[in-house]
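**Student:** Whenever a hint applies, use it, and build me the whole structure from the sequences.
Protein chains: 4
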Amino acid sequence: MSAFTTSIQVRFGHVDPAGIAYYPRIFDYVHEVYEELWERHVGVRYYKLLLEERIGFPLVHSEVDFRSPLRFGDRPEARVTCVHLGRSSIGLRYHFALEGRECVDARMTTVCTDLRTMTSTPLPERFRARFEAIREAP
Amino acid sequence: MSAFTTSIQVRFGHVDPAGIAYYPRIFDYVHEVYEELWERHVGVRYYKLLLEERIGFPLVHSEVDFRSPLRFGDRPEARVTCVHLGRSSIGLRYHFALEGRECVDARMTTVCTDLRTMTSTPLPERFRARFEAIREAP
Amino acid sequence: MSAFTTSIQVRFGHVDPAGIAYYPRIFDYVHEVYEELWERHVGVRYYKLLLEERIGFPLVHSEVDFRSPLRFGDRPEARVTCVHLGRSSIGLRYHFALEGRECVDARMTTVCTDLRTMTSTPLPERFRARFEAIREAP
Amino acid sequence: MSAFTTSIQVRFGHVDPAGIAYYPRIFDYVHEVYEELWERHVGVRYYKLLLEERIGFPLVHSEVDFRSPLRFGDRPEARVTCVHLGRSSIGLRYHFALEGRECVDARMTTVCTDLRTMTSTPLPERFRARFEAIREAP
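Chains A, B, C and D, in that order, give the protein sequences.
Going by the numbering used here, the first sequence opens with residue 1, and the numbers climb by one from there.
Going by the numbering used here, the second sequence opens with residue 1, and the numbers climb by one from there.
Going by the numbering used here, the third sequence opens with residue 1, and the numbers climb by one from there.
Going by the numbering used here, the fourth sequence opens with residue 1, and the numbers climb by one from there.
Just so you know, the hints here were simulated from the structure itself, not pulled from any lab data.
From a predicted model like this one, the values you see are computed outputs, not experimental measurements.
A hint or two may mislead.
Subject to a maximum C-alpha distance of 25 Å in a straight line, what follows is the list of computed DMTMM-like cross-link-like pairs (lysine to aspartate or glutamate) [what the hints assert, rightly or not]:
#1 Lys-48(A) to Glu-77(D)
#2 Lys-48(D) to Asp-114(D)
#3 Lys-48(B) to Glu-32(B)
#4 Lys-48(B) to Glu-77(C)
#5 Lys-48(C) to Glu-102(B)
#6 Lys-48(C) to Asp-74(B)
#7 Lys-48(B) to Glu-102(C)
#8 Lys-48(C) to Glu-36(C)
#9 Lys-48(D) to Glu-125(A)
#10 Lys-48(C) to Glu-63(B)
#11 Lys-48(A) to Glu-125(A)
#12 Lys-48(D) to Glu-77(A)
#13 Lys-48(D) to Glu-125(D)
#14 Lys-48(C) to Glu-77(B)
#15 Lys-48(D) to Glu-99(A)
#16 Lys-48(A) to Glu-125(D)
#17 Lys-48(B) to Glu-99(C)
#18 Lys-48(A) to Asp-114(D)
#19 Lys-48(B) to Glu-52(C)
#20 Lys-48(A) to Glu-102(D)
#21 Lys-48(D) to Asp-74(A)
**Tutor:** Here it is, written out as structure tokens:
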């Protein structure tokens, strides 16, 4: 099994008075990594999906463990695997780690949606293989 | 059983190109409602906890169902109940609804933490009763 | 001369590690006050302008003095006056103050824009009088 | 004269329902570029300044022209020059451009501040030369 990896930077405007990342900012990181995954791993710029193909991936469920705080100046590694691949739904798992120590473990389920009708639609086949490529062994 | 209720406003800067609330903003709403809960229900301003009592409540776990999108201009009702009350840990449940239709169901677990040592500390007794007051029946 | 007044709340997620409001958040406050102005003073909900009337007010110029920091827990008073009222352009001035001490003085110029063509369009007459009502004496 | 250049990415969560960058997000970009400038041009990570040297650079004045909208998926080039270099104050100018077309021209004045006393302090000499290196001709 393979995974998609990238890195994140905890900036000044992301941390709270205790110097640790305010948790809603961690969801911004998750979305940022998701956009990188589409562009660099799947091979399509995320905005093209929305503006040209008129499909989107609204989040329907998230479950997150915050194991260790991220601090101002940290540059955690982000690692994404696919934990579920249905007809329309995609479950992705994001690990953010600092020097091998896990900080965040986020499981996010999105559903491929036709933005014209706002109903679910099958994940196009040409994308499916790219998610298979980062699938976690069962 | 009782609950704490307040309302949220989905503003211009919170919505994405599809006109629906970008999900990291929904976590901003959850924190905003949490600050309101401390001030109006528990009876202490949240910043006093941090700056004067030197305790904080880092999030350790979240599990959220996004059932229906929030759109620009919506003013969902937020309803908070307590689903777990341990020695240090507090589990709160946030329902955001529009005219009775549930949009978001978020369960958030935080741990009362001594900010000087960054270790867990018992929830002060004078706060406990206020969380009991919004406890869900088992 | 009159002014539109409201208040702002400096929340946990808005402040930086030094405990003062991160300046991009201050521009969020300005937009929040602007939305309140439309709703409570002009008498139209801002999202109706965009979604139904298909006009918007992109910012073309801003000039801001940051005189005194806003801190976590502060609740500054916001006061808005109109400093320029052209055919399409509106210049608004936002003062944020804590107990009479000025913290922020922001002058923001927006242009009434037809969102279908993205070109300037005259400010509708029924709105003009409401901006005249908060106009600063020359 | 030289300038510091980097690039920005207009992400999904930064744009409003009209598909253009919500202006407070543009100030996030300015701060992001500023952090890059410190790290890659001046040669010190911004968080080290704050946490170790205990100096900061609060913004005292900003003046910004928004000439052309930034849209979802855009990757403007950012170019920074120094327009003022006083004992403690630094005036920086940020140009954001798309294929040579200027979108944003922001002049931001910050003051070197001792975070222990919150009073202005001279810009350390070892940093001064790096700002001279990107100084605009008068």
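**Student:** For each hint given before, does the structure comply? Return the numbers of the non-compliant ones in rising order.
**Tutor:** Hint check: 9, 10, 16, 18, 19 fail, others pass.
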